[in-house]
Amino acid sequence: MWGVADRHVSVEAAIPVMEGKARRRIVRASLAVACAWAVLVAWRYVMVAGFPRVPAAGLACALFGGAVATALGWWVARRTAAAAIATLALLSAAVAAWWIPQVAAALRPLLVLEDGAAAWVALLAAAGAGAGFRLGGAIGGAADSAWFGRAFAVFCAVPVLLGTLVAGAGLRLLAVVWLGVIAHATGRVLLRRATGLTVTAVGFAVWIAVTLALGTLGMCSRAVLFGVLGVTTVLLWRHVVASVSALRFDPPPSYVGAAARAALVALIGIYWIAALAPEVGPDALGFRTAGPVHWLRAGAIRPLPEMTGSYGACAGEMLYLLALPALGVPVGKIVQLLLGVLILASMRREPFAAERAGHAALWPLMFCGSTLLWVQFAWGFVDVTQLFFMYAAVLAVWHWRRSARDPGWLWAAGLCAGTAAAVKLNGGIAAVVVGVLWVGPSFRAGWRALLADSLRLGGGVLAGLGPWLVRSWWVAGNPVFPFANRLFRSPLIDVEPPSHSFGVGTALPDLARLPWTLFFDPGKFVEVGAYHPALLALLPLGVAALLLRRSAAGSGANMPWWIAAVVAGGCWALTEQNARYSLFVLLFATVALGLGIESWRRRLGPTGGGLLGVAVLGLCLAGFGSMVARKESWLWRGIRGPALPAAVVLGDEPIDRYLAVHRETYTSARWLNDAHGAAARVLQVYGLRDHLYFEAPATSLVHGIRSLIDPMNALFEPGGWRDDATAHRALCQHGYTHVLYSTLDVRLNGLPDSRRTGLFRPAFTDRYLEPCFAAAALPALRLRAAPRAADQPPPPRRDVWPVTADPLRDWNVAGGQPRAEDGVLVLPAGTQLTRAITVRAGTLYALSVDGTVDPGGAFTVQINWLDAADRLLLFWRRAVVPECPGRFEFWQTAPQGASKAFVYLSGGVARVRAVQVQEIGGP
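To convert, count from 1 in the sequence shown and add 7; that's my numbering.
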């Protein structure tokens with residue numbers, strides 16, 4: 008194959024160098040404008056977002072951690088063998104301190120911090136510890152790479168390994184490292200003398216093709232996948248050893264670098280915790296992880312009618328399928344974390360190392376600290392997977408421009424760009440960016456070079472994307488499925504699939520204000536995270552560095568990255584303005600800005616450059632805290648949720664309980680799996696989409712191919728429900744055995760039984776459906792083979808809490824002054840009533856509420872399910888809205904271990920005629 012030379016010859020165009028007073032005036036003006044702009048952005052962002060409320064104990068821990076790290080750094084520098092002893096002693100002291108009542112009381116507020124605030128405290132503590140450890144090492148007289156490598160391994164890697172081994176996740180860490188090493192070794196075979204991220208990306212692209220071939224041939228079982236990886240490891244053992252030996256730890260060149268690197272390690276640790284938790288992300292349950300799970304179960308890659316994504320390009324899912332036997336269901340999050348860590352390492356070792364950046368760790372920290380990236384590891388997507396290949400493609404062109412246009416780099420750039428498009432077709436932006444970066448130098452080299460280079464680049468793109476275009480044409484009749492269906496007319500989807508409108512529009516005034524809106528109103532762009540505000544604050548400095556660059560000194564190396572950021576950002580802004588789809592813009596802009604700021608550091612000298620580094624570090628840490636404090640940043644405002652699920656990862660919270668709380672369909676799926684396995688067929692109605700935890704095929708409206716979805720959609724459209732018998736016959740003809748819907752859906756929420764239509768009417772439910780199970784306002788109903796006869800009695804119900812003449816009887820008044828008037832319970836404002844009932848685990852209960860809410864009032868019914876030791880197992884809540892008075896009935900199956908339930912009635916300005924609890928079924 009191609010050998011890639013390691014020659015670094017600049018092909019940047021020469022730019023006249025301004026000297027003397029003009030340059031000094033521009034420098035001073037640039038600094039003044041940049042400072043004023045940074046203050047304006049910081050003030051505006053703090054006014055919009057604020058900061059997390061952190062108790063004094065959190066800041067005290069950060070300061071104490073820095074002091075302890077200084078002492079340990081000095082000790083390890085003087086006595087290298089004492090590193091392990093120091094670590095164990097520190098861990099033992101921390102455990103012992105927890106058992107001291109005074110210490111435990113002081114630290115207890117840290118345990119109830121919201122996830123975002125807890126992460127911010129960890130970041131501050133890590134930054135202080137990193138700088139302190141560097142100071143201790145300097146005092147002790149040790150700062151070489153060997154000392155730093157041992158210290159890093161002991162103080163960072165060992166605690167992480169111990170924690171994950173306790174949680175049973177250590178094997179996953181080893182497996183994901185093995186996957187990365189195998190990919191790098193495979194890439195070394197094709198790019199023999201190259202190093203860096205592009206080599207690993209080429210290896211992963213090869214493994215995507217191998218997995219697709221095995222799956223198409225029906226050979227993607229666990230044994231085959233493990234066997235292929237094992238045989239490859241043996242055959243490439245020399246390359247594997249070389250890949251492992253290439254790992255090394257460089258000492259941080261400055262205190263700012265040490266603090267940034269330690270904070271970066273803390274962030275990766277937080278993301279590792281998020282990645283290890285059970286999968287609850289909507290895209291993962293819809294296809295990203297569910298598809299590979301179904302394929303592995305079947306041993307073959309086949310189109311799945313319930314998941315339209317299985318008909319299109321899904322290269323990212325091939326990596327998940329390859330790693331699924333070793334990593335389990337959170338495979339999407341773990342693989343994305345691996346690729347994200349490789350991107351962060353490459354940022355420091357390739358573009359920034361080439362420019363001798365003294366604060367290189369700041370820019371991976373800024374990119375990694377954007378909450379837009381955090382969500383990728385809390386929920387399983389493929390955006391980081393796509394970003395990995397897009398970055399590798401641009402990085403390959405960057406190497407090609409610096410290596411006298413070596414053809415190996417160009418072929419690799421095309422392969423990575425094609426693979427990025429195969430992950431999701433919007434990754435075709437990578438080919439556009441690579442083409443723009445390539446065409447200038449190639450055009451200047453002459454027409455013959457232009458033709459040869461275009462063949463190499465185009466061949467690489469075709470190798471990465473071509474197999475997926477052919478497969479989509481074969482299985483769907485549309486090579487770019489689901490796009491351009493007006494041209495290709497695939498029968499599987501509509502001619503014009505439903506589209507979503509995000510962002511601010513594509514008119515020129517809208518595009519002009521888009522960057523400002525993206526930072527300060529990310530909700531317009533589907534907020535699941537935001538860009539780091541430091542990027543906007545430092546933008547003028549980056550632009551000024553671009554204008555003042557000296558190509559002869561190499562400080563113009565950020566020009567390709569600015570071009571990549573502008574071209575990619577323009578393509579994104581003119582298509583679908585979903586912030587999650589713009590991670591590549593964030594990455595390219597961060598690299599370009601970082602290289603520009605590094606040129607300012609060299610220009611300002613040691614003192615000025617050090618102060619600039621401190622200022623950027625402060626913006627990184629403060630900006631992260633402000634991002635997670637935004638009121639709209641809902642994912643980070645819980646405690647031990649998907650963003651920082653430490654309890655479930657460390658084994659303090661059962662996995663079943665975590666999934667029951669964070670994924671409403673899980674409990675119903677587990678019941679259905681135990682009762683019917685894969686023999687059932689489920690219709691999920693209105694907003695439910697879970698193909699991961701159901702063993703049986705599950706159709707989710709409105710997802711799926713037309714032949715599957717259209718007949719069901721027709722039943723639920725206005726006027727589509729002709730009569731009950733026809734609807735029942737349609738459900739039976741399509742093989743459905745169970746129906747699952749949410750009573751909290753906007754179409755049903757607040758509607759009393761008398762106002763519900765179609766499938767949700769009590770008349771249809773009583774005759775054609777049989778309630779079997781209910782959890783989290785999701786009733787699971789079995790479809791009867793034949794309707795219940797009119798003279799056949801309904802399933803028997805036993806009164807657990809019958810309606811009584813005295814509505815206040817057996818209620819405990821905890822607040823307010825409720826009263827009974829003519830058999831009606833009148834609830835003034837602030838009323839709180841409670842009542843305990845005895846229940847049986849696994850039994851289905853029906854709660855009926857008949858009431859009216861006066862204007863301006865509302866009341867809420869809540870049920871807490873407890874075990875014999877009064878431990879809370881599950882809580883369920885339902886608010887009755889004032890516009891629709893009447894009778895409501897809700898179902899809930901008592902969770903396993905439940906022996907009692909507490910019913911809470913709260914609110915005010917309402918009149919309740921009856922509250923009744925009945926037992927429908929039993930174990």
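Check the hints yourself; a few may be wrong.
Straight line, CA to CA, 35 Å or less: simulated DSBU-like cross-link-like pairs of lysine-lysine [claimed, not checked]:
1. K638 x K431
2. K531 x K431
3. K531 x K638
Computed Cβ-Cβ distance ranges for the label pairs, DEER-style [stated by the list, open to error]:
4. R826 x R60: 58 to 64 Å
5. I146 x V439: 16 to 22 Å
6. L469 x W244: 29 to 35 Å
7. V53 x R804: 42 to 48 Å
8. E503 x R847: 31 to 37 Å
9. P289 x W454: 38 to 44 Å
10. P289 x T223: 44 to 50 Å
11. R804 x P661: 49 to 55 Å
12. V533 x R826: 57 to 63 Å
13. G306 x P661: 30 to 36 Å
14. G863 x P516: 25 to 31 Å
Quick caveat, the hints were computed from the structure, so don't treat them as lab data. Beta carbons: idealized from backbone N, C-alpha and C, even for Gly.
Here's how the hints hold up against the structure:
1. Straight-line distance between C-alpha atoms of K638 and K431 comes to about 31 Å, which keeps the hinted pair within the 35 Å bound.
2. For the hint pairing K531 with K431, the CA-to-CA distance comes to about 22 Å; that is within 35 Å, so the pair holds.
3. Between K531 and K638, the direct Cα distance comes to roughly 14 Å. Compliance with the 35 Å bound is thereby established for this hinted pair.
4. Separated by about 41 Å at the C-beta atoms, R826 and R60 break the suggested range of 58 to 64 Å.
5. Range check, I146 to V439: about 52 Å between beta-carbon atoms, so the 16 to 22 Å window is missed.
6. Checked against the given bound of 29 to 35 Å, the beta carbons of L469 and W244, roughly 32 Å apart, stay inside it.
7. Range check, V53 to R804: about 57 Å between beta-carbon atoms, so the 42 to 48 Å window is missed.
8. At roughly 52 Å, the beta-carbon separation of E503 and R847 lies outside the given 31 to 37 Å, and the hint is violated.
9. Range check, P289 to W454: Cβ separation about 50 Å, and the 38 to 44 Å hint is violated.
10. Look at P289 against T223: about 28 Å separates their beta carbons, and that is not inside 44 to 50 Å.
11. Between R804 and P661 the CB atoms are about 32 Å apart, so this pair departs from the stated range of 49 to 55 Å.
12. Taking the beta carbon of each, V533 and R826 are about 48 Å apart, not inside 57 to 63 Å as hinted.
13. Checking the proposed 30 to 36 Å range against G306 and P661 shows it holds: the Cβ atoms sit about 31 Å from each other.
14. Separation of G863 from P516 is about 42 Å and departs from the stated range, judged on CB atoms against 25 to 31 Å.
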